[in-house]
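Using the sequences and the accompanying hints, generate a full structural model.
Numbering (our numbering), first residue to last: 46 to 288.
Take the hints with a grain of salt, since some may be wrong.
With beta-carbon atoms standing in for the labels, derived distance ranges [unchecked claim]:
1. A274 x D83: 48 to 56 Å
2. S230 x E47: 16 to 24 Å
3. P255 x S56: 18 to 26 Å
4. D55 x M112: 39 to 47 Å
5. G280 x E171: 55 to 63 Å
6. T275 x P106: 47 to 55 Å
7. V207 x E77: 17 to 25 Å
8. V281 x R53: 19 to 27 Å
9. E257 x P106: 33 to 41 Å
10. Q231 x S56: 32 to 40 Å
11. G104 x Q232: 40 to 48 Å
Bear in mind the hints are in silico, worked out from the structure with no lab data behind them. Cβ atoms here follow ideal geometry from the backbone N, Cα and C, with glycine treated the same way.
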Amino acid sequence: FEYVYLARPDSTIAGRSVHAARVDIGRRLAREKPVDADLVIGVPESGTPAAVGYAQESGIPFGQGLMKNAYVGRTFIQPSQTIRQLGIRLKLNPLKEVIRGKRLIVVDDSIVRGNTQRALIRMLREAGAVEVHVRIASPPVKWPCFYGIDFATPAELIANAVDNQGEMLEAVRHAIGADTLGYISQQGMIAATDQPATRLCCACFDGSYPIELPGETQLGKNVVEHMLATAARTGVPIQEPEG
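So, in structure tokens, the structure goes:
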């Protein structure tokens, strides 16, 4: 999730520019999930590099269809649903003269709860977009993160509601109000990082946690931090999962 959303675009991880990785993810996304449209726009800020890559690969023009209020924080990590929804409306404003009458490809970094995309698509349609095709620069987020990120229960994750992949895609597409929806594959995302899969944590995408987690009754936000603190205090190392 560092490459997808959390890391600054001007940072470097294992010798790979995060910005370059995000642009490459966009190119791969265009090859994997093409769609006919008039304009590619990104959801600022972390969706923009992937949108640029998508436009480059597809040949569809890139445009700035959304203005971001720099004084509103990241809506994904706000503490409540009400604040997140309000934050989305305050954070993003569509440029009507750019998107009116257009078939849009909207590239975003991820879908976690679906709050941002649902509100955003409604705003774009109100501003005159005739079609809204959503493309996501990460695989479906289906498992909680216990490393301090603010989604700790499966019930919060919109892609976790349906097990069947095809049914899940249709359910999410319908829930957010998009004309079509496409995610990059996990293999495509990993390839863009120039790192082997064994060096990356993809637990929120595939459920494979690098550190064995405690029982359900003990799970919650910051659980891994607590485990590490306990290990440091007691001198008993954390056991890696078998296999």
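Going down the list of hints, with the structure as the test:
1. A274 x D83: 48 to 56 Å: 53 Å, holds
2. S230 x E47: 16 to 24 Å: The hint (16 to 24 Å, Cβ to Cβ) holds, given that S230 and E47 are roughly 19 Å apart.
3. P255 x S56: 18 to 26 Å: Between P255 and S56, where Cβ atoms are some 21 Å apart, the hint holds.
4. D55 x M112: 39 to 47 Å: The hinted range 39 to 47 Å is violated for D55 and M112, with Cβ atoms some 21 Å apart.
5. G280 x E171: 55 to 63 Å: 59 Å, holds
6. T275 x P106: 47 to 55 Å: Given about 54 Å between the Cβ atoms, the range holds.
7. V207 x E77: 17 to 25 Å: 21 Å, holds
8. V281 x R53: 19 to 27 Å: Taking Cβ atoms as reference, V281 and R53 lie about 35 Å apart, which means the hint is violated.
9. E257 x P106: 33 to 41 Å: Since E257 and P106 have Cβ atoms about 48 Å apart, the given range 33 to 41 Å is violated.
10. Q231 x S56: 32 to 40 Å: 22 Å, violated
11. G104 x Q232: 40 to 48 Å: Given a distance of about 24 Å, which is not inside 40 to 48 Å, the answer is violated.
In summary, the numbered hints that this structure violates are 4, 8, 9, 10 and 11.
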